[in-house]
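> The residues making up each chain are set out below.
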Amino acid sequence: MSQARSTEKASADLFAALGDETRLRIVMRLARGESLSITELASGARITRQAVTKHLHVLAGAGIAHGSRIGRERHWSLDRRRMEQAREFLDRISVEWDDALARLKAAVEGDDEEPV
Amino acid sequence: MVASQLNRIERKTLIRAPRSRVWRALTSVPEFCQWFSAKTGAAAFEPGVRVDLVSTYGSGDCDKQAFLMDIVDVVPEHRFSWRWHPGSRKPDEDLSTEPMTLVEFSLEDAEGGTLVTVVETGFERLFADRQSRVFKQNQDGWEIQMAALERYLQ
Numbered sequence: 000m001s002q003a004r005s006t007e008k009a010s011a012d013l014f015a016a017l018g019d020e021t022r023l024r025i026v027m028r029l030a031r032g033e034s035l036s037i038t039e040l041a042s043g044a045r046i047t048r049q050a051v052t053k054h055l056h057v058l059a060g061a062g063i064a065h066g067s068r069i070g071r072e073r074h075w076s077l078d079r080r081r082m083e084q085a086r087e088f089l090d091r092i093s094v095e096w097d098d099a100l101a102r103l104k105a106a107v108e109g110d111d112e113e114p115v
Numbered sequence: 000m001v002a003s004q005l006n007r008i009e010r011k012t013l014i015r016a017p018r019s020r021v022w023r024a025l026t027s028v029p030e031f032c033q034w035f036s037a038k039t040g041a042a043a044f045e046p047g048v049r050v051d052l053v054s055t056y057g058s059g060d061c062d063k064q065a066f067l068m069d070i071v072d073v074v075p076e077h078r079f080s081w082r083w084h085p086g087s088r089k090p091d092e093d094l095s096t097e098p099m100t101l102v103e104f105s106l107e108d109a110e111g112g113t114l115v116t117v118v119e120t121g122f123e124r125l126f127a128d129r130q131s132r133v134f135k136q137n138q139d140g141w142e143i144q145m146a147a148l149e150r151y152l153q
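Residue numbers (numbering that gives the first Met the number 0), protein chains in the order written: chain A, 0 to 115; chain B, 0 to 153.
If you're looking for bench data, these hints aren't it; they were derived computationally from the structure. Quick caveat, the model's predicted, so the values are computed rather than measured. The beta-carbon is built from N, C-alpha and C at its ideal position, and this holds for glycine as well. Please note that the accuracy of each hint is not assured.
Said to hold, decoys possible - Residues from chain A shown here face chain B by an in silico Cβ test under 7 Å; the list is partial:
id : residue
1  : S93
2  : V94
3  : W96
4  : K104
5  : E108
To be verified - A few chain A positions that, by computed beta-carbon distances, are all more than 10 Å from chain B:
id : residue
6  : S34
7  : D97
8  : A106
Whole structure, please, built from the sequences with the hints as guidance.
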């Protein structure tokens with residue numbers, strides 16, 4: 000029960016967590032599959048390790064990423080299930096729009112007045 | 000802001016009719032209600048007006064669902080936009096304090112008719128608890144999500 004609740008809470012912050020370009024880039028790099036250290040994530044990203052750490056904690060808070068200690072360093076990887084949830088939500092709304100547009104098209108093209 | 004594009008929906012369709020005809024179907028209340036499958040007592044869609052509607056579409060929990068549109072822009076033959084609470088909800092669900100998404104219809108001339116684009120934005124501001132409730136129905140989509148990310152970040 001408490002696990003289900005914490006899962007819900009994690010989902011809750013998902014869109015907000017993704018609403019930032021730097022975090023999206025971090026997500027993209029982690030999406031390649033391997034877990035990465037903060038040093039690796041900061042290299043070539045033109046941001047400091049502190050900034051990367053801050054963003055990772057936001058992603059962790061939303062359940063998108065999690066860190067695990069390997070030796071002296073913490074390695075970060077992506078929780079794909081959280082990302083699936085965001086996609087599912089937008090997919091559902093998208094299908095509703097496809098449906099509505101199809102009905103608009105049928106309504107307009109169905110009458111014969113004012114042909115192009 | 001570019002980053003918000005992950006949280007937007009965009010759909011386009013080409014309608015074989017002049018722009019004036021599509022505009023009328025989109026913004027005349029009786030015509031809108033017909034294709035959108037809704038009922039309302041409102042006389043017109045005007046900027047700043049809140050329109051109460053009831054959905055007449057679908058079945059089950061979507062059937063006869065009340066919803067509202069806060070009309071934002073009505074720019075003849077160009078843009079029609081409103082704010083609302085997207086998706087379906089339970090009858091007893093109170094969304095009155097939930098942030099709304101913005102829906103923007105835009106029309107442009109295209110070969111053979113009118114190109115209709117609908118863009119919905121603002122999903123990141125939806126109520127947290129409602130998001131997770133919607134999320135419970137989730138299944139898959141990781142591949143699509145990553146494709147969207149790839150496209151966005153290129």
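> Do the numbers back the hint for A/E108, that is, is its least Cβ distance to chain B under 7 Å?
holds, 5 Å
> Regarding the assertion that A/S34 does not contact chain B, is the least Cβ-Cβ distance greater than 10 Å?
At roughly 17 Å from the nearest Cβ of chain B, A/S34 sits farther out than 10 Å, so the non-interface label holds.
> Would the non-interface assignment of A/D97 survive a Cβ cutoff of 10 Å against chain B?
violated, 6 Å
> Per the CB criterion, is A/V94 less than 7 Å away from chain B?
violated, 10 Å
> A/S93 was flagged as interface toward chain B. Is the shortest Cβ-Cβ separation under 7 Å?
holds, 5 Å
> Closer than 7 Å between Cβ atoms is the bar; does A/K104 clear it against chain B? Give me holds or violated.
With a minimum Cβ separation of about 5 Å from chain B (threshold 7 Å), the hint on A/K104 holds.
> Would the hint on A/W96 be counted as holding, given a Cβ-Cβ threshold of 7 Å to chain B?
Since the shortest Cβ distance to chain B is 5 Å, the answer is holds.
> Is the nearest CB of chain B more than 10 Å from the CB of A/A106?
violated, 4 Å
Hints 2, 7 and 8 from the earlier list are contradicted by this structure; the remaining hints agree with it.
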